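Q: Sequence:
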Amino acid sequence: YIGANVSIGSGSLIGPHAVLEAGSTVGRHSLVQRSVLQGAAVGQDCTLYGAVLCQGASVGDGAVLNEGSVLGQDSSVGRDAGVLREPLRFGDGGVLTGEVGDDLTVQTLHLLGNALGRRGALGLGHCGGSAARMLCHAAGSGASEAGGCVLYTDAPCPSAAAWFAASYSLSAFLFVQQAGSRVFLHFFDSRGLPLDRERERQLEGALLRGEVARMPAKRVGTWEPITGVSGAYAAAAARYASPLARPLTVALPGGEDADRVLGQALELLGCTVVRERRDNTLALRAEHGGMRLRAWDEEGRELPPERLLTLCA
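Under my numbering, the residue at position 271 of the sequence shown is numbered 271, and the numbers go up by one with no gaps.
Just to be clear, a hint being listed does not mean it is correct.
Said to hold, decoys possible - The calculated SDA-like cross-link candidates involving lysine to any residue, where the alpha carbons are at most 25 Å apart (straight line), are: (1) 218 with 16; (2) 218 with 137; (3) 218 with 305; (4) 218 with 118; (5) 218 with 102; (6) 218 with 41; (7) 218 with 145; (8) 218 with 119; (9) 218 with 171; (10) 218 with 300; (11) 218 with 120; (12) 218 with 152; (13) 218 with 307; (14) 218 with 141.
Think of the hints as simulated: they come from the structure by calculation, not from any bench.
Quantities reported herein were computed from a predicted structural model and do not represent experimental measurements.
All chains, please: the whole structure from these sequences, using the hints.
A: Below you can see the structure in the form of structure tokens.
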């Protein structure tokens, strides 16, 4: 949108998704995309991507304002300066973390889903609250827009999502986990492992550039709801396990979804599962969404991680 009395210098590129309200000016050879100018002035050779400039704000020649930059009324940015919002970066274990409505918005998840949907079928799941469901649906819409098929599952936890991704050989699975206002995005590949660094960089770049792939109506991706993942995951775990030499009573004091799946698997193996820790009883707990196991022996001593890893192997 270009309002009244707007001046745009030669060689500048305006749009897509740009709003230049009345009285705004843009110098020569500048780029203004996904940005709003509310009667503001932009110099020459500037780059604005995802920025908002309020009334009377000014940007000097050669300045760069990236996604999320906001200049208040009558504020200014000097020549060749940069205003950069810290981009989302993957942490250890291939997880993106942020606050709902701040780092992680519906728009952010739409972009992520769109980037993932370009490579094929995308698995989705969520837990922890309504915000997780909202963000999950936004990612699915983005994947559909790119033509990808969405497998919308009732996977109860990240470890179940990883198992599902490997079982279906999916290009990717995105699991949205909410804890209060904080959200954790878990990504898994066709092997059920976190995405490699190359794919992480591709997603980070897609977020930074705001890239969106759009298909015509007849090529929009489909949604397929899949239920019963919890039971199937527990049954698979029981099949992988070695037969028990004798029945065991196991305490599962945790109350997370991953603990409930663990309990299902143990019962399929013939164990008696109790919810409270008892004397002379083995105790287990699934943590980090089922990605880590803790164990206490019959005398209440916690097994060191390296010993537990040896036993599991």
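Q: Look at each hint and say if it fits the structure.
A: We went through each hint and held it up to the structure:
no.	hint	result
1	218 with 16	24 Å, holds
2	218 with 137	20 Å, holds
3	218 with 305	52 Å, violated
4	218 with 118	16 Å, holds
5	218 with 102	34 Å, violated
6	218 with 41	42 Å, violated
7	218 with 145	11 Å, holds
8	218 with 119	18 Å, holds
9	218 with 171	22 Å, holds
10	218 with 300	60 Å, violated
11	218 with 120	16 Å, holds
12	218 with 152	20 Å, holds
13	218 with 307	55 Å, violated
14	218 with 141	15 Å, holds
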